[in-house]
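Each protein sequence line maps, in turn, to chains A and B.
In this text, residue positions in the first sequence follow full-length UniProt numbering: the first is 1, and each later residue adds one.
In this text, residue positions in the second sequence follow full-length UniProt numbering: the first is 1, and each later residue adds one.
Be a bit skeptical, because a hint or two may be false.
Computed from the model, here is a short list of chain A residues facing chain B with C-beta under 10 Å [claimed, not checked]:
#1 V5
#2 E7
#3 G9
#4 D15
#5 G16
#6 P34
#7 H77
#8 Q83
#9 A132
#10 A238
If you are wondering where the hints come from, they were derived from the structure by calculation, not from laboratory data.
Glycine is no exception: its CB is placed at the ideal position from the N, C-alpha and C atoms.
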Amino acid sequence: MPGPVAELGPLHRVDGSAAYSHAGYNVLGAVTGPVEAQRRDEIPDEAAVDVHVRPATGVGSIKERHLEAIVQSTLRHVILVHQFPRSLVQVSLQVLSVPDTSLMAVPLSSRLTTLALLPALLQTAMHALLSAALPLSTTFTSTLVCVTRGADGGGAIRASPDPECLADAASAHAVCYSAGGELLMDMSEGDFDVDEWDAAMGVGRRICCGEKGGRGGDAVMRDEESESLQDKLRKLVAER
Amino acid sequence: MSVTAPVVVLPGDEIPPERLPQSRTGKKALTLGPGLRHIPPRTIAATVPGPLGIDSRKNAIWVDNTSGRYIPRAADLVVAQVRRSTPEAYLCALAPHGRLALLPHLAFAGATRKTRPQLAAGALAYARVVAAPPAAEPELDCGADPGGAALGRGDGAAGLGPLRGGSVCDVSLGMARRLLAATRGGEDGLVLLEELGKVLKFEVAVGRNGRVWVDGEDTRATVVVGRAIAKVDEEGLGPEGQRRVVRELVREVKGEGLKSGV
């Protein structure tokens, strides 16, 4: 599967923007801020962070509100909001396309499709924030891992799974790690125990932060993807 | 300054102590420029992405960053646009949707209650940011600047005051900073204004907020200067590219002038 592709600054009339595509998910993100907040939105000692998620088709619903809440609470802890009291940072994320699942034998549950979109949204938001040069306390990267159980009961961990693999998986985990290797966000779905969760986090952390942050023993990722998402982010900014 | 390629930092990267500039005498305090923050006791971390700039003579370190929204800081020169007037001050926009800045009616050189300039909504003024508290409106001043004489302006006012006529073009924050440095003779690599000045007569006022006011001897000169600045900004051209842009634009408008018989 090809690695993620990101572009910084595709939009010209916003303060920062990014286009991100990975594993069939294409998201366009825009950041405006810090701007004047409306009186009812303003917070006396920090910037309000406002996240809008628009789906690829139709209008936003509960699912998008749920995703907005998760992205918002992650971003609020990364943006240095105390530097801009009484102002507003607006992050708009437009989903351009998602993988086609209409021909699958067993359709994905709504909860799994929601979970699978989350890493792409978080990655797009981070790239757009870097493009807007908004003061941040750290950078983060995010990925999706899933655990599939064989007939003998042994588990295998797959990173950035395609929809078929995700439908077969016993559990799926959307994880987000800071540059320093700290877990910022984890949303898990399905049936898993502590050992499986621990192993999934180890793989997720290695994908996000590279070998130095990894701690698990699974060798699944070693030849598949040598460069971590964090390295990719650094390279993209350096090229600019 | 070192000649090696600058280190690019990401937000959250800690600057190792050996990379910080060392004052030779050990007396000068370290100056942290934009894009860096000090986390007590002795961690210095980047907050924005970009190449690290170091001036060991001034014992200063900062992150060069050319994108994003203008955030007012004290002592910045800006091109402000009047939105409306209150009994005491004009409310001016520095950036779209941003917080409006206060420009007191009496903050002009030689202004009294009766002689203050009357600025309508939409009027422009070249002003200095006096104070930029994070939670309140920034305050502007168009009065005499004590440092103005040092900038080579005879009147000591740095050309502050209402801007009449001309036109405004938007540029990136990095371009605004380069233009400002060039008008003070600081930046090498930006020869655009000098080159334009050899063939055209014009005035510019460069605002740190990414707005450049241009007034030429005629409309054509204004347009040429505005387009040249925008083009150099978009394509990030070096000195040779800037000379080429000036040649092309001047030839273009001269050709049009001949055609229309002017």
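Q) Going back to the hint list, which numbers does this structure go against? A) Going through the list in order, the structure violates hints 1, 2, 7 and respects the others.
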